[in-house]
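K.L.:
First to last, the sequence lines map onto chains A and B.
For the first sequence, the working numbering begins at 1 and goes up steadily by one.
For the second sequence, the working numbering begins at 1001 and goes up steadily by one.
Be a bit skeptical, because a hint or two may be false.
[What the hints assert, rightly or not] DSS-like mimics (lysine-lysine), calculated; alpha carbons at most 25 Å apart, straight line: (1) K186(A) / K1162(B); (2) K1364(B) / K1383(B); (3) K33(A) / K1075(B); (4) K1320(B) / K68(A); (5) K1046(B) / K188(A); (6) K1328(B) / K188(A); (7) K1008(B) / K186(A); (8) K5(A) / K135(A); (9) K1320(B) / K1162(B); (10) K1003(B) / K1263(B); (11) K76(A) / K141(A); (12) K76(A) / K33(A); (13) K169(A) / K70(A); (14) K1003(B) / K5(A); (15) K1162(B) / K76(A); (16) K1209(B) / K1075(B); (17) K76(A) / K1008(B); (18) K188(A) / K1162(B); (19) K76(A) / K1190(B); (20) K1190(B) / K1008(B); (21) K76(A) / K1003(B); (22) K76(A) / K1164(B); (23) K1162(B) / K169(A); (24) K1085(B) / K33(A); (25) K1164(B) / K1209(B); (26) K135(A) / K1320(B); (27) K58(A) / K1320(B); (28) K186(A) / K1209(B); (29) K169(A) / K1164(B); (30) K33(A) / K1320(B).
Keep in mind that the hints were calculated from the coordinates and are not lab data.
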Amino acid sequence: MGIAKFVTIQSTAVPLPIENVDTDQIIPARFLKATTRDGFGENLFRDWRFNEENEPIKDFVLNDSTYKGKILVAGKNFGSGSSREHAAWAVHDYGFKVVVSSFFADIFKNNALNNGLLPVQVTAGFLNEIFEAIKQDPTTKFEVNLQKQSIIISSLGAREHFDINPYKKECLLNGFDDIDYLLNIKDKIEAFEQARV
Amino acid sequence: MSKTLFDKIWDEHVVTEIEGGPDVLYIDKHLIHEVTSPQAFGGIEKRGISVFRPDRVVATPDHNVPTINQHLPIKDELSRFQVNKLTENCERHDIQLYGLNHPYQGIVHVIGPQLGITQPGMTIVCGDSHTSTHGAFGSVAFGIGTSEVEMVLATQCVMQPKPKKMRITVDGKLGKGVTAKDVVLYIISKVTASGGTGYFVEFAGSAIKSLSMEGRMTVCNMSIEMGARGGLIAPDETTFEYIKGKEFAPKGADFDKAVEAWKLLFSDEDAVFDKEIAFDAADIEPMITYGTNPGMGTKVNGSVPSLNEISEGNRNSFSKAMNYMDLKPGEALIGKKIDYVFVGSCTNGRIEDLREVANFVRGKRKASGVTAWIVPGSKQVEKQAHEEGITEILEEAGFQLRQPGCSACLAMNEDKVPTGKYAVSTSNRNFEGRQGPGARTMLASPLTAAAVAVKGEIVDPREVL
């Protein structure tokens, strides 16, 4: 079936300089009652974004019109905790195509990649540079090039290479889907089952 | 070549390796529940395919079920729809479902072991991060996302990069009042909430071996709380004894044959781990968390760290946590007033946990300011608690005994701790809002939770045993 092909992103970024952002913050459990994949963006960071009266909390970054863009930049260990893929759906549905951090939790990383949301892991030093650049100028543009595996702070020309599994890179660039791949090797799977009996 | 326990199981399940990519791993058991499966069923139906191996899938609703009046239709419309959807999907795809009124229903990680579905040497997945629980039996068990649930429904395989291997050894004898929960909270406080990321952890050593199966499950359950992909413990006589006679365990000669194979599941003496950590059991005391991730824990008679004990890079997160918890750096924890006590979850909702609480509260009464909830992990645990007289003891002590489900561990149903209230909880996560918006969670063992319920404030269980 496939996912949307990942193209090079040039965009401003939204800074969230908080560490250990867990999936309960990204999408609280009470919003997991849906049976489809759509609409989770509405409740992204719900309890940081809205108070008990459902009014926007002014100093939260998503409520500050100074910051916008397709790139979310977060502190280390982003996406820890629950395996809920709803967290990746919420980030993606809100409009982000890339999440940058110095460290990602394993399950979140897999979930993001399976939904065309690119987790870009940078060094702690480069992450600080990014936060600093946004602080100096919220209109700072960034380029994320998956083909070249590079992230660039456009105004400074500062660049860092990021790692990605070559198979996953091909999947994202071409919009391939793991399930299609597995369905294509079904005879191998059946042979494996036979051999184990 | 010598291998770790993890390698032995993983390698035996690799269908094929993708060059430069993940392994295609065959899955022996796939556990599903109502929250992370509907979109996966939707996915395979959209592809026009059916479930590849329905006999390898077991379903139960747990995350989103009420814990009172389970015989009535679920009041919350969305929850009812989601639970009904699971029933429909299981019927349509011929999957074994233990529904809300079935005697086997319960938290998916409690029922798997209890029914003998979980066995050594297996690969087990579930759309839930606490799938690591099953590793206590010497299986490779880990949580997956919904796209991966769809993958397993479609092909009985999952694509996974092979994790690195870590061994955590705890040797020595555990002190009085120190339980499996304290062991794992201690480990996480040392390793940190992200220190295990990228690794699969084998727990070893005499202190781990001394634990019951329930205790081992508690330890493996929380491997994810240090970021690890999963945790496992080599099976031994304790394991075999637990499995023997369970509903879906092999019987008679088949069981003996299975045990022979299970006895080969251990890390070879010279097997190499990517990382090794060792702890001394004598250093472990009853633990409690003070912050907003499970790594922020300390001994119950200790204090919140002072600011200068926190590295500069972590001070923002620490201050944010202190602000949320309304605690002061350096503050002692003993004597802190507690509003709620929750005993339950896939971490500590088993019969042994309920027994421990009942033994402690027998003849005592909960403090008047405390609301105490006990939520059995499964219908079987609930039944056993009735039969053993545990229910009566708990009710006499003023605890509310509810019906099985995940309940206040993640507060998807009505079981929420109100804003600003402090809860001592036997569950696994103290994240902001985890037990309800604004709720302040402190994780501890069932024994500590019981002692706190009686005293109404944080207390060292060793002082009141």
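K.L.:
Hint by hint, say whether it matches the structure.
P.N.:
Status of the hints after comparison with the structure:
1. Of the pairs offered as hints, the one joining K186(A) and K1162(B) holds, with about 21 Å between alpha carbons and a cut-off of 25 Å not exceeded.
2. Using a Cα cut-off of 25 Å, the hinted pair K1364(B) and K1383(B) holds, with the two alpha carbons roughly 23 Å apart.
3. Of the pairs offered as hints, the one joining K33(A) and K1075(B) holds, with about 14 Å between alpha carbons and a cut-off of 25 Å not exceeded.
4. Under the criterion of a C-alpha separation no larger than 25 Å, the hint pairing K1320(B) with K68(A) is consistent with the structure, at around 24 Å.
5. Taking the CA atoms of K1046(B) and K188(A), the gap is near 24 Å; set against the 25 Å cutoff, the hint holds.
6. As the CA atoms of K1328(B) and K188(A) are separated by approximately 59 Å, the hinted pair breaks the 25 Å bound.
7. This hinted pair checks out: K1008(B) and K186(A) have alpha carbons roughly 24 Å apart, not beyond 25 Å.
8. For the hint linking K5(A) to K135(A), the alpha-carbon distance of about 31 Å lies beyond 25 Å, and the restraint is violated.
9. Between the alpha carbons of K1320(B) and K1162(B) the distance comes to roughly 35 Å, so the proposed pair goes past 25 Å and is violated.
10. Of the pairs offered as hints, the one joining K1003(B) and K1263(B) holds, with about 15 Å between alpha carbons and a cut-off of 25 Å not exceeded.
11. At most 25 Å may separate the alpha-carbon atoms for a hinted pair to count; K76(A) and K141(A) meet this at roughly 21 Å.
12. A distance of roughly 29 Å separates the Cα atoms of K76(A) and K33(A); the hinted pair therefore is violated under the 25 Å criterion.
13. Between K169(A) and K70(A) the CA atoms are separated by roughly 19 Å; this keeps the pair inside 25 Å, and the hint holds.
14. Distance check on the hinted pair: K1003(B) and K5(A) sit about 40 Å apart at the alpha-carbon level, beyond 25 Å; violated.
15. Taking the CA atoms of K1162(B) and K76(A), the gap is about 22 Å. The hint holds against a cut of 25 Å.
16. Of the supplied pair hints, the one linking K1209(B) and K1075(B) is violated, its CA atoms being roughly 45 Å apart against a limit of 25 Å.
17. For the proposed pair K76(A) and K1008(B), the alpha carbon gap of about 32 Å is over 25 Å, so the pair is violated.
18. For the hint linking K188(A) to K1162(B), the alpha-carbon distance of about 20 Å falls within 25 Å, and the restraint holds.
19. For a cut-off of 25 Å, the pair hint linking K76(A) to K1190(B) stands: about 18 Å separates their Cα positions.
20. Under the criterion of a C-alpha separation no larger than 25 Å, the hint pairing K1190(B) with K1008(B) is inconsistent with the structure, at around 28 Å.
21. Restraint check for K76(A) and K1003(B): not satisfied, since their Cα atoms lie roughly 32 Å apart, outside the 25 Å limit.
22. At most 25 Å may separate the alpha-carbon atoms for a hinted pair to count; K76(A) and K1164(B) meet this at roughly 20 Å.
23. Of the pairs offered as hints, the one joining K1162(B) and K169(A) holds, with about 17 Å between alpha carbons and a cut-off of 25 Å not exceeded.
24. At roughly 11 Å between alpha-carbon atoms, K1085(B) and K33(A) fall within 25 Å of each other, so this suggested pair holds.
25. Under the criterion of a C-alpha separation no larger than 25 Å, the hint pairing K1164(B) with K1209(B) is consistent with the structure, at around 23 Å.
26. About 20 Å separates the Cα atoms of K135(A) and K1320(B), which keeps this hinted pair within 25 Å; it holds.
27. Restraint check: the Cα-Cα separation between K58(A) and K1320(B) comes to about 17 Å, which is no more than 25 Å; the hinted pair holds.
28. A hinted pair counts as satisfied when its Cα atoms are at most 25 Å apart, and K186(A) with K1209(B) does not qualify at roughly 40 Å.
29. The straight-line distance between the Cα atoms of K169(A) and K1164(B) is roughly 21 Å, inside the 25 Å bound, and the hint therefore holds.
30. Taking the CA atoms of K33(A) and K1320(B), the gap is near 29 Å; set against the 25 Å cutoff, the hint is violated.
Going through the hint list in order, the structure does not satisfy hints 6, 8, 9, 12, 14, 16, 17, 20, 21, 28 and 30.
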